[in-house]
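S.K.: These are the residues of each chain, in order.
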Amino acid sequence: MAFDIILVVLLLGVAMWTVAAPDTFTAVVGFVVFGLLLALAWMRLAAPDVALTESALGSGLTGGLLLGASTLLARSAAPAPSEEPGSSLRLAAAALCALVSAGLAALVLLLPEPAPTLAPQAMANIAATGLGNPVTAVLMAFRAIDTLLEVVVLLLALVGIWSLAPDRLWGGLPGRRRRADPNGLLTFIAQILVPVGILVGIYIFWIGSVAPGGEFQGATILAAMWVLAAMAGLVDAPPVSGRRLRLMLAAGPAVFFTIGLAGFATAGAFLAYPEPHAKLLILTIEVPLTLSIAATLALLVAGPPERASER
Amino acid sequence: MTEVAIYGLCAAGLVGLGLFGLIVQPHPLRKVLAFNLVGSGVFLLFGVVARRGTAAGFGGDPVPQALIITGLVVAFAATALAVALLLRLFQETGRATLRSDG
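Residue numbers (our numbering), protein chains in the order written: chain A, 1 to 311; chain B, 1001 to 1102.
Everything labelled a hint here was simulated from the structure, so no lab data went into it.
Hints should not be assumed to be uniformly reliable.
[Unchecked claim] Computed beta-carbon distance windows for the label pairs:
| no. | chain 1 | residue 1 | chain 2 | residue 2 | range |
| --- | --- | --- | --- | --- | --- |
| 1 | B | Arg1088 | A | Pro116 | 41 to 51 angstroms |
| 2 | A | Tyr203 | B | Thr1093 | 40 to 50 angstroms |
| 3 | A | Ser87 | B | Gly1057 | 47 to 57 angstroms |
No residue lacks a Cβ here, since even glycine has one placed at the ideal position from N, Cα and C.
Kindly generate the complete structure, drawing on both the sequences and the hints.
M.R.: Structure representation (structure tokens):
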């Protein structure tokens, strides 16, 4: 109980810092710390799968993306004083937000008893999927349509980012080229950490069928390893028009959709799996899906093409 | 009050704080940060609902937990798109502001 209270006070304190910090860079640092603390809160709420996603994606990749953006934007002028809201607007906003918070807090305290839950149904049907982790079973079987649409959303976001490139750079290479410094600390860290990280990412993906973990957590770690290697200049992004890259991005959703359609013939519904082969089919989807998600996440961080393709 | 309710109150506070930042911070990147705080608050609220649904030997209701994971990934994609739009705006105009009279 005392631990929870301290954690909640810390979370709210760091969130306040993120909102009120004097400059953008410190605010982003606050946000990364906030994400890590929130991962602890997920552990306290018995959601280890969410904790893994939060620390890798919510704090890690998002933090890296925002730190990069705040460094690039550091050269931009601070907002003009006329853009700063006046004290009356601040007061009105504070009152409105306090009202929203109070309403939500009242809702939390008035939640119905006993709480509605789908856990018994999930546990009763999990044997049919051949999986041991109910969260993965929900993601890949019971609510597979959400996951399918989600990976499509990821691809749409990537298309959105690519289309921000100027015409002459369309199909070029994302980000700036970084030269590896053979004696640099970042190169050293990348050389040590990336192989281990790739192993951890694959393990987290593989173990997800029976224990906390899964394709999103594993894919995020794989994407982060690529971003680290790219930051150190050890690898360079491929041109976004490359056929192999496009194939890698589309393979996961395509396999998912194909097996989903086959469900009509084999099990009588879209995204249904015939029972004896459920686990095999889920793994057949998950392997290309993890690669596709990892590539999409890494390219979302890399940003729109900024260099013309050398061909 | 239970441990779970404490996190519920924390979530309510986070939504309010994020909303405040979204309104009063003029810098677009700060608005993206604040919006992510609102999102974290909503996810935490959902996590509290999941934790209350503990049954059948599992620590929480796995359905909301899986939806939170989906939500986190979509939130990341939206953040990446917002950041890319902002950087492009900065490239084009040399300024990072949402004011239209620029």
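S.K.: In this structure, is the beta-carbon distance linking tyrosine 203 of chain A and threonine 1093 of chain B contained in 40 to 50 angstroms?
M.R.: holds, 46 angstroms
S.K.: For the hint 41 to 51 angstroms, verify it against the beta carbon of arginine 1088 of chain B and that of proline 116 of chain A.
M.R.: 45 angstroms Cβ-Cβ, so the 41 to 51 angstroms window holds.
S.K.: Does the Cβ pair serine 87 of chain A, glycine 1057 of chain B satisfy 47 to 57 angstroms?
M.R.: holds, 54 angstroms
Violated hints are absent here; each numbered hint is respected by the structure.
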